[in-house]
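K.L.:
Here is how the chains run, residue by residue.
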Amino acid sequence: MADPMRIRAALAGDETTVRVLMAHIMETGIRKDASGALIPAHFIQDVEATHNGKSVLKTMWSGAVSQNPFLSFKFKGAAKGDKVVVKWVDNKGDSRTDEVTIA
Amino acid sequence: MKKSMVQRQVLAAAALLVGMGAALAQDATATGIAQYREMLQDGNPAELFEMKGEKLWTQNRGPKNATLEKCDFGKGPGVLKGAFVELPRYFADTGRVQDLESRLITCMETLQGYKAEDLYKAAANYGKGESANMVAITTYVVTASKGMDFALPQGNEKEKTMYEVGKRLFFARSGPHDFACSTCHGVDGQRIRLQELPNLTKNPGDGVGFAAWPAYRVSNGQLWTMQKRLNDCYRQQRFPEPKFGSDATIALAVYMGVNSKSAESIVPAIKR
Chain A
1 MADPMRIRAA LAGDETTVRV LMAHIMETGI RKDASGALIP AHFIQDVEAT
51 HNGKSVLKTM WSGAVSQNPF LSFKFKGAAK GDKVVVKWVD NKGDSRTDEV
101 TIA
Chain B
1 MKKSMVQRQV LAAAALLVGM GAALAQDATA TGIAQYREML QDGNPAELFE
51 MKGEKLWTQN RGPKNATLEK CDFGKGPGVL KGAFVELPRY FADTGRVQDL
101 ESRLITCMET LQGYKAEDLY KAAANYGKGE SANMVAITTY VVTASKGMDF
151 ALPQGNEKEK TMYEVGKRLF FARSGPHDFA CSTCHGVDGQ RIRLQELPNL
201 TKNPGDGVGF AAWPAYRVSN GQLWTMQKRL NDCYRQQRFP EPKFGSDATI
251 ALAVYMGVNS KSAESIVPAI KR
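Protein chains in written order, with my numbering: chain A, 1 to 103; chain B, 1 to 272.
Don't take each hint at face value.
[Said to hold, decoys possible] With a Cα cut of at most 30 Å, we get these calculated DSS-like pairs of lysine-lysine:
(1) LYS80/A to LYS121/B
(2) LYS83/A to LYS167/B
(3) LYS146/B to LYS55/B
(4) LYS32/A to LYS128/B
(5) LYS52/B to LYS32/A
(6) LYS146/B to LYS75/B
(7) LYS87/A to LYS52/B
(8) LYS87/A to LYS128/B
(9) LYS52/B to LYS74/A
(10) LYS115/B to LYS32/A
(11) LYS158/B to LYS121/B
(12) LYS32/A to LYS243/B
(13) LYS92/A to LYS55/B
(14) LYS115/B to LYS75/B
(15) LYS167/B to LYS202/B
(16) LYS121/B to LYS202/B
(17) LYS87/A to LYS58/A
(18) LYS167/B to LYS32/A
(19) LYS75/B to LYS243/B
(20) LYS87/A to LYS55/B
(21) LYS52/B to LYS80/A
(22) LYS58/A to LYS52/B
(23) LYS271/B to LYS87/A
(24) LYS52/B to LYS121/B
(25) LYS52/B to LYS92/A
(26) LYS83/A to LYS55/B
(27) LYS55/B to LYS80/A
(28) LYS75/B to LYS74/A
(29) LYS160/B to LYS202/B
(30) LYS92/A to LYS128/B
(31) LYS271/B to LYS74/A
[Stated by the list, open to error] Covered by chain B, per the in silico footprint, the following chain A stretches (three or more residues, Cβ under 8 Å):
(32) 2 to 9
(33) 28 to 40
Honestly, the hints are just simulated from the structure, not real lab data.
For glycine and all other residues, C-beta sits at the position ideal for the given N, C-alpha and C.
Chain B on its own, in the form it takes in the complex (with noise of 0.2 Å):
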């Protein structure tokens, strides 16, 4: 009697299994890959980016020998808690809408006396010579707004115009596949191969999407910023390459970063 009543058991607990089977391999993929980024969590190197950028805004630096100490990134001079979750913001001394990497060449020629054209060359050449420089300050300044919400302001004009600009570019469909940003990130629960695709024409939520950005790539060993990552997906799509701060990637980072308000930023995140 005890010996039938464990078979049927051990049956009904198999057949339960079997009907699991199929979500659990579904989750088993996704889990597995959460488990490998809390892994990683510990000793994310863009902690070292974060140390040589604060090394690099103190430090008295170009040809007017000064540091960064007084740049205003929108809350201002000198204010970087809570400064990146409220950029790309319009500033009123440019009379334009610029993002942390844009507007830190406008403090590093007003301040430091570089040329901003200069700069902007050395951008293009991402992670080497004074790009890596200006990643590395970029990450420390991002790290001050860390666990902070997306608070983006449109109150400007130039603010709200750069949104419909950024929301036109996401969907327009063009380059040699017809891609669009929407193609991929245009509705929920898309995936190419094992990477999940965020919808970024809402709120995707804490920590993924804009709110994941910059973060430190394990599979490349680099730190991408938000200009660096759009370039890739302009790469990706086969597009040509859009030049560093421009407004079109602007207007891309105010379309999403408006889109997020109040989502919780990760930075620096880390990416496999």
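Here chain A stands alone, though its shape is the one from the complex (with noise of 0.2 Å):
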């Protein structure tokens, strides 16, 4: 499995943010490396967010989000203590899911 993700989640009344830090090298697949030879895409392609199971975010990543992706969102519904898991997968098919406890 790939490197972990920092994540970070937070209610505040009847919102949650979540803060999630992905370790990736988001390769956009047009850099050409000192001999002049393309350097082979390789980002993250899907992420994942749910909650007790719902999702509730999605994304379509292309190789335009930068290195080390810094993702942050807001949802309703949840409370102290729930689990947010985090879940993304490459255009390699490599993936890692992490989770974090709403403070």
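Reassemble the complex: the two chains are provided individually, in unrelated frames, and hints are given to aid placement.
P.N.:
Now the structure itself:
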């Protein structure tokens, strides 16, 4: 499995703010190396966040997202102590899943 | 009557704005960069390096299959809090003044059985292979001193000598452009393109200059330690590449670190 994400989730009122920092090279596929050869694309394509099994965020990313992506989003309907699970899958099929407890 | 009063107020306000226009334009750039930096603070990728470093700190590695948990950075074996803001300093067991990164290599050698010369060679290939591990561990160790003030010791004769050596090196003009560190960092208020250049001959303030490294650079997605920062400064001056952890680089760090006494360290920082 890839390097772990750092996830933080805080509840304010009825809104939960989740902040995720992912470790990923996010290679666009357009860059060239020193010898002039194209560096193959390697980036996160899908990110999904679920709360109590229900999907609260789905993304479709491209090479346009920068290295070590930072994602912040809000959703309603959660309580302190609930778990939010974040999973990403990249174009090579590698994936990473981490969870956080809402503070 | 009402209309002319409003017209006069509008004219007065316009005149004021035109006068302030010039000053505002300069402030706008500085404010803009400050706002950009604040936005970057949330989710500093340096945290990913710190997480990796924490794992490596407690992992059994090397020929001796041991952890780094007994490493002494100057405040006792395993004491990390406040260690970074007192480095570089003199170490009795090695008989020399060392910075964090060279001290880490000492620990990896004595505790884990690695060969120091192999690690120095690996360190020259910055951010790859074993160097990536050392950068991660360095990030983990410095984070324990986040928010603390610099307090480099100058009690030992070798520490004082290194300060003086660092000062000489700081002002020594050389290389194909006849540059010295002081060329860019020797006076107040200098700037290259849009990058402010702190005056490093004195304390440039909290979180500035020496107090801003190690840091994650968004522009190239790398975490730069002080050794890398100095290496790149020399590259920018078109000097020959300094050896990793050389006395010259440590002396410069002592000079800047002592000058930054009581400045708050914001490590690990984030830069554009």
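K.L.:
State for each hint whether it applies.
P.N.:
Hints versus structure:
no.: 1; hint: LYS80/A to LYS121/B; in the structure: violated, 49 Å
no.: 2; hint: LYS83/A to LYS167/B; in the structure: violated, 54 Å
no.: 3; hint: LYS146/B to LYS55/B; in the structure: holds, 19 Å
no.: 4; hint: LYS32/A to LYS128/B; in the structure: holds, 18 Å
no.: 5; hint: LYS52/B to LYS32/A; in the structure: holds, 28 Å
no.: 6; hint: LYS146/B to LYS75/B; in the structure: holds, 16 Å
no.: 7; hint: LYS87/A to LYS52/B; in the structure: holds, 19 Å
no.: 8; hint: LYS87/A to LYS128/B; in the structure: holds, 27 Å
no.: 9; hint: LYS52/B to LYS74/A; in the structure: holds, 27 Å
no.: 10; hint: LYS115/B to LYS32/A; in the structure: violated, 35 Å
no.: 11; hint: LYS158/B to LYS121/B; in the structure: holds, 26 Å
no.: 12; hint: LYS32/A to LYS243/B; in the structure: holds, 29 Å
no.: 13; hint: LYS92/A to LYS55/B; in the structure: holds, 26 Å
no.: 14; hint: LYS115/B to LYS75/B; in the structure: holds, 24 Å
no.: 15; hint: LYS167/B to LYS202/B; in the structure: holds, 11 Å
no.: 16; hint: LYS121/B to LYS202/B; in the structure: violated, 33 Å
no.: 17; hint: LYS87/A to LYS58/A; in the structure: holds, 10 Å
no.: 18; hint: LYS167/B to LYS32/A; in the structure: violated, 41 Å
no.: 19; hint: LYS75/B to LYS243/B; in the structure: holds, 27 Å
no.: 20; hint: LYS87/A to LYS55/B; in the structure: holds, 22 Å
no.: 21; hint: LYS52/B to LYS80/A; in the structure: holds, 28 Å
no.: 22; hint: LYS58/A to LYS52/B; in the structure: holds, 27 Å
no.: 23; hint: LYS271/B to LYS87/A; in the structure: holds, 28 Å
no.: 24; hint: LYS52/B to LYS121/B; in the structure: holds, 22 Å
no.: 25; hint: LYS52/B to LYS92/A; in the structure: holds, 23 Å
no.: 26; hint: LYS83/A to LYS55/B; in the structure: holds, 24 Å
no.: 27; hint: LYS55/B to LYS80/A; in the structure: holds, 28 Å
no.: 28; hint: LYS75/B to LYS74/A; in the structure: violated, 43 Å
no.: 29; hint: LYS160/B to LYS202/B; in the structure: holds, 16 Å
no.: 30; hint: LYS92/A to LYS128/B; in the structure: holds, 22 Å
no.: 31; hint: LYS271/B to LYS74/A; in the structure: holds, 27 Å
no.: 32; hint: 2 to 9; in the structure: holds (count 3)
no.: 33; hint: 28 to 40; in the structure: violated (count 0)
Of the numbered hints listed earlier, those contradicted by the structure are 1, 2, 10, 16, 18, 28, 33.
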